[in-house]
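Chain A is already provided as a structure; the job is to place chains B and C on it using the hints.
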Amino acid sequence: MATVPDIELELLLEAIYRHYHYDFRRYATASLKRRLGDAVRRFDCSSLSGLQERVLRDAELFRALLGYLTVQVSDMFRDPPFHAALRRHVVPYLRTYPSIRVWVAGCSTGEEVYSLAILLREEGLLDRSLLYATDINPDALRAAEAGVYGLDRMAQFSEAYLAAGGTGSLADYYTAGYDSAVLDKTLRANVVFADHSLTTDAVFAEVQLVTCRNVLIYFDQSLQEQALGLLRDALCHKGFLGLGAKETLRFSAHAAAFEETARVERIYQKR
Amino acid sequence: MGRFERTEPVLLRVAIIVSMALVFWIDVITPLGVAEWVFYMAPMALSLFVWRAWIPLLVAAVSSLLIWAGVLLSPPVVTGFPEQIAVVNRTIGVLALWGVAFIAWQFIRTRRAARERDWLREGLTQVATRLQGEQALDDLATAVVGCLCEYLDVPVGALHVVDAEGKFRREGTYALADDAGGPKVVSPGEGLIGEVARTRRLVRMEDVPEGYLAVTSALGRAKPRHVVVAPLTADGDVIGVVELGFFHAVERADLDLIAATAEQIGVALRSVHYRRRLETLLLETQRQAERMQVQQEELRVVNEELEEQSRALRDSQARLEAQQAELEQTNVQLEEQAEALERQRDDLARAQGHLVEKANDLGRASRYKSEFLANMSHELRTPLNSALILSKLLADNKHGNLTAEQVEWAASIYAAGNDLLMLINDILDLSRIEAGRMELAPDALEVAALCETLRRTFVPLARERKIGLTITVADDMPPTLTTDPLRLQQILRNLLGNAIKFTERGEVALDVGPRPGGMVAFAVRDTGIGIPSEQHESIFEAFRQMEGVGNRPAGGTGLGLTISRELARRLGGDIRVTSASGQGSTFTLTVPAELVTDAAAPSTPTPTPTPSPAAVGRAVITPQPVPTVAADDDRCGLRPGERSLLVIEDDRRFARILYDLAHELGYRCVLAPTAAEGLALATQYVPSAIVLDMHLPDHSGLAVLEELKRTPTVRHVPVHVVSVADYAQQALEMGAVGYLQKPLRREDIEAVLRTLERRIEPGMRRVLVVEDVATQRQHMETLLRSDGVEVLSVGTGAEALATLASTSIDCMVLDLSLPDTSGLDLLERMAADDGCAFPPVIVYTGRSLDRDEEQRLRRFASSIVIKGARSPERLLDEVTLFLHQVESRLPQEQQRILREVRSREAFLDGRRLLLVEDDVRNVFALTSVLEQKGARLEIARNGREALTALERAGGDGSAPIELVLMDVMMPEMDGITAMREIRRRPEWRKLPVIALTAMAMADDRDKCLAAGANDYITKPIDVDKLLSLIKVWLPK
Amino acid sequence: MTVTSERTALVDAVVVGGSAGAIDALGGLLGALPADFALPVVVVVHLPRQHPSLLAEAVAHRCRLPVHEVEDKEPLGGGVVYVAPPDYHLLVDVGPSFALSVEAAVNYSIPSIDVLFESAADVFGARVAGVVLTGANDDGARGLAAIAAAGGPVFVQDPDEASVPQMPAAAQAACPQATVATVRDIGHALMALSGQGA
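Those protein sequences? They're chains A, B and C, same order as listed.
So for the first sequence, the numbering used here puts the first residue at 1; every next one is plus one.
So for the second sequence, the numbering used here puts the first residue at 10001; every next one is plus one.
So for the third sequence, the numbering used here puts the first residue at 20001; every next one is plus one.
So here's chain A without its partners, still in its complex pose (with noise of 0.2 Å):
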């Protein structure tokens, strides 16, 4: 029997789907519904239904509920190991092409594509590569058009830069100012920034790496399947996928269609 807040729940996700067609139908329930908590007693509304009522005739108020709804937390080189893998064991593959394509699905506010985009420069490769950025709130993307973060997380991006072998120092590649960092804008020349949703949106590109990492976490079991085959057909023949820390294919049908390049840091190549 489903309980009145799991109705709610769904009938909020459904008006939402149909007024402004952002599918957050099948997104995993436990932590959205603690969320949409959080954003029920933050609109001062009685419940979900009070908020269902208001978001529908309020855009800009969905606007607002966008940034309750997608999970917007991103750090600079985020699990070093990860990228320290992916310069091991990736870049020289990526070398072997004459010119490089980079999705970051689900990119938040743009820090692991900035990250991506140092790695490359380093490694020699960021003139030939070209990244899609990608995300389904727009605020999130302009803010990671913009490239810029407050001050005091560069002291902990830069850790983790180098503990993810970075050659330099990151602050190379930003210039800080009042409390923010404004990062280099010529990391961003080959960046492309779109709205994409890996719930309703196809293949745009054949691509050689796609990271995304901790989006799959809050998709239901078949969203992530299905994401997960969008990633898959999205890479080109032995391309390879990236994935969150504690995210892992062992649970999905599409396993077999990768091999294990860095167990433990989440690196597969597509067979």
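Hints are not guaranteed to be accurate.
Straight-line distance between alpha carbons at most 20 Å, and here's what the computed EDC-like set of lysine to aspartate or glutamate pairs gives [to be verified]:
1. B:Lys11019 to A:Asp233
2. B:Lys11007 to A:Asp195
3. B:Lys11031 to B:Asp10909
4. A:Lys238 to B:Glu10873
5. B:Lys10709 to B:Asp10698
6. B:Lys10867 to A:Asp195
7. A:Lys238 to B:Asp10877
8. B:Lys10392 to B:Glu10357
9. B:Lys10867 to A:Asp127
10. B:Lys10501 to B:Glu10541
11. A:Lys270 to A:Glu260
Facing chain B, according to a computed beta carbon distance under 7 Å, are these residues of chain C, among others [said to hold, decoys possible]:
12. Ala20009
13. Ala20020
14. Pro20048
15. Ala20058
16. Asn20137
Now the in silico label distances, taken between C-beta atoms and shown as ranges [as the list claims (entries may be wrong)]:
17. B:Ala10289 to C:Pro20034: 41 to 49 Å
18. A:His89 to B:Gln10317: 33 to 41 Å
19. A:Glu14 to B:Phe10838: 46 to 54 Å
20. A:Asp139 to B:Arg10847: 40 to 48 Å
21. A:Phe43 to B:Lys10990: 48 to 56 Å
22. A:Asp139 to B:Ser10187: 34 to 42 Å
23. C:Pro20066 to A:Phe43: 38 to 46 Å
24. A:Ala255 to C:His20061: 27 to 35 Å
25. A:Phe43 to B:Ala10289: 27 to 35 Å
Hint data in this document are derived by calculation from the structure and do not stem from the laboratory.
We treat Cβ as the ideally placed atom computed from N, Cα and C, and that holds for glycine.
For chains B and C alone, kept in the frame of chain A given last:
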């Protein structure tokens, strides 16, 4: 000055006027000289109590006028009172009155000042009261502005307080309309409030415009007429700004009060600020403390983890130590065991040594025995020979000088010598057999001939002993045996000889017949004395004869049966006996009809001398010019690469069978009766497979095979050898895929063709490597060669073209730098040349490519690999992929496309399209589809390039672009922007544009259409749909 | 009619939270469980974000059940001890399977005990047991209250036994009906809940 006037009672004013009028009236009615005007002091005294300072002066003035008027109006002096005195008196009175008035004026002003001070003080007190206590900022601000408004009797007010960012935020209001307008937050310098904040000076505004600081009440709204905006400061810093709207005119006292309270309020606000910041800091400190605590906790957890780990480590170390001790013990034990083992081994070795020694001894003994026997035979035979000859001479008695008795003796010596010789021969035979020295010489033996020989030998003997001898051969007996004829005869002779010897009367019979299992039996049956069953085995033992027969009535060495049995066993058979004493006996020899010897090699009856390929050499075969007309096969119209079979066979009948079978299996078939023609046809047509006979009129098949394998263009072609003679080993070693010996059944031939087919169809893939550096080429060959993959490699573009023209290639690996041409030119020539197959091309280059080069290559090359650390791996992947694709993917999509190409529709032929797309996969796919339809495609990677391409196409006189396929998501300039740009130009307004996008939402479609797309197609692109869209939009 | 002797479990899962001092307490609690314990045990201990955690190994030494760190979408299986990975919130989703999240820290912690407990209460209702162990802040109190409100059995380590008493004390305050006991006794109670008896 109104504020304080309002408070004076009307009664007082009336009293003043009435008292003045009364005094005047009395003055008028009383004669001059009566000093009743003194009473004008009364109103003067009353005017002391009013609040307006000018009233005593007015009273004085009016009183003065009235006094003088009284002079004129009063009745004349009564009692001679001099009128002058009266005038003087009155003058003095007036003066006094003015004096008093002045004093009153002063008095009132003093009192008013005191009153104002009180008011001010009261105001300050009230404000101070409101400021007391810890209040939130907005509460405090509201209280203060309320207090000020009430005290100043002002209808509306607002208070702005500076916040952390230095902006002034409206915190408190009094009766202010919600929509009163005016910003809630202002920066210093901005607007009136900002200006006041900046200059720290009070501003007073008269006759406020409509709508400014509107007042609301339940009854409606009104606007104040005057506005005062005043800074609130603390220690010279502006903390807030108060804005008050007055209905009445602003008085100085109001301003005084505002100025007086400003500092007080400012300080209070600042302290609220301080307090608030303190609270924030306190909160922050608390949070940090909590966070620190959590971090500490986390660290502690980590420590605990580590402790636990180290505890576990200690545990496992202890365990390890225990295990080590155990191990040491075990080691000791093992060592002991090893020692014991070693001892045992030594013992064994010793025993073995003994054994070897014994074996050696035995061997030696046996050798000695053999040598002894050999020697003995020689040593014995030589004197025996002399004895025999001499005894024979004596027995012949040529000189006639011997007595009959002496002749008898000599004959006896001769007979005994003969027996001895036979014995020696038998012993030698037996020892040879036992030592395994006897060699068999199998040959065909006709049974009838054998029987005839036996009959001829034994019939006279039997007749001599007066017994019968019959030899019968069964009807189903095979006419010929393969065995060692001499040995078989030796056995049979022995058996028959014995039988005749031991039979006194009756008969001896030999029955010859087949036995199951490919054996034949020779049964020698007699009617002699028989053998008791307990002696059936011992009679076969050397030097044993039937007891009681020891007197050897018929002579013989007694070794015959032993030797016969040994021989029978060597021939693969045996001898058995069935007999009973006095009942006669039957010795049955069974041997296989076909003797199989251990050594297979010499079994060939008529071995054909093997032609050595080395001896044949290459120069021997000169491929003949192929007769073009004569042949009755498929060579006319056969194109290289077509499914075909070459049969090199001189037996026309067999060749024809192959020809028909090949047709049944869907091959075209070419026949060559000679080696030379076969080679010529092979190189000319490069058949899918070859069937090769070994016996050809001009050369051996092996030579042809070798030549085929030496020619690069046909080396890959599978060859199946068919022959009468057995050359399997050589042929397979030289690279034939199979071997069959004639004669062949139809099924065998079908099987051969099937083998070839399997070899051709999915298996063999050819990769062409075009690389100028020989070592690299070799590396790549080694890398790519595998089961079912043949690597052809060439060093120049010309060779590459030649190979492509003559051979079907599944995948081509191309280095860009070649001695005779550039890789790109080569690709372009391949594309232009219709006779040249165009396999999937993998560009393998050490150069890094710029985007244009890459784009140009992409139109021909399926993939590009830049040489580097991981490139061999990737090259292998790509090649494998394409070889694999040939079978898996081509049939469906590509073949459909190819089919459509054949039925090329005209609508795209020669039309110029612009494809704007950055995804190489799509570029490749769409280019191949559209170009095969005859379209000429321009490629642009982004919107900007698209615009350039459009301009260029229209500009240089070449045909303009007729339709644009526009991807939406692209770097630099996206499709939406590009389409807008296109539509902005009048000459392109009608250019059809079809948008390609991966987005699935309806509004994406709208976005594209709004930007100027004529139509829209979603990815992944359905080729049919795209073609029909192009058909719709392409101008006719 | 056959009489079945099998006792059925009263809950489907056990969730455990703790912080400072928790390794030892976990050792005591999990050490009390038999190798054939039938329920999944889900553990959240506050962990620093940057390090890979040794928690699973550390606990495994003291416990007869297999212990391992959760991966996303992993289904819950009986007789396994699951520990939360660092830098992720651990939640129970329908299935039941695990879900991870990298949202902001709750109670300054990621993983947070409250997040796990509340999601478990949501999925299992009354059929989950919650245990709060030693620790120095009040994470877990709200989550334990949520489990209790859904009707699930709740336990708090005796603050006198806990090496740091704040966390159990806070849980006790937020959830007065919780059974306060030593880890060993809680272990026995969990066995009773699993239907395996003490």
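Structure-based check of each hint:
no.: 1; hint: B:Lys11019 to A:Asp233; verdict: holds, 12 Å
no.: 2; hint: B:Lys11007 to A:Asp195; verdict: holds, 13 Å
no.: 3; hint: B:Lys11031 to B:Asp10909; verdict: holds, 12 Å
no.: 4; hint: A:Lys238 to B:Glu10873; verdict: holds, 10 Å
no.: 5; hint: B:Lys10709 to B:Asp10698; verdict: holds, 19 Å
no.: 6; hint: B:Lys10867 to A:Asp195; verdict: violated, 35 Å
no.: 7; hint: A:Lys238 to B:Asp10877; verdict: holds, 8 Å
no.: 8; hint: B:Lys10392 to B:Glu10357; verdict: violated, 49 Å
no.: 9; hint: B:Lys10867 to A:Asp127; verdict: holds, 18 Å
no.: 10; hint: B:Lys10501 to B:Glu10541; verdict: holds, 19 Å
no.: 11; hint: A:Lys270 to A:Glu260; verdict: holds, 9 Å
no.: 12; hint: Ala20009; verdict: violated, 30 Å
no.: 13; hint: Ala20020; verdict: holds, 4 Å
no.: 14; hint: Pro20048; verdict: holds, 4 Å
no.: 15; hint: Ala20058; verdict: holds, 4 Å
no.: 16; hint: Asn20137; verdict: holds, 6 Å
no.: 17; hint: B:Ala10289 to C:Pro20034: 41 to 49 Å; verdict: holds, 42 Å
no.: 18; hint: A:His89 to B:Gln10317: 33 to 41 Å; verdict: holds, 35 Å
no.: 19; hint: A:Glu14 to B:Phe10838: 46 to 54 Å; verdict: holds, 52 Å
no.: 20; hint: A:Asp139 to B:Arg10847: 40 to 48 Å; verdict: holds, 44 Å
no.: 21; hint: A:Phe43 to B:Lys10990: 48 to 56 Å; verdict: holds, 50 Å
no.: 22; hint: A:Asp139 to B:Ser10187: 34 to 42 Å; verdict: violated, 26 Å
no.: 23; hint: C:Pro20066 to A:Phe43: 38 to 46 Å; verdict: holds, 44 Å
no.: 24; hint: A:Ala255 to C:His20061: 27 to 35 Å; verdict: holds, 31 Å
no.: 25; hint: A:Phe43 to B:Ala10289: 27 to 35 Å; verdict: holds, 31 Å
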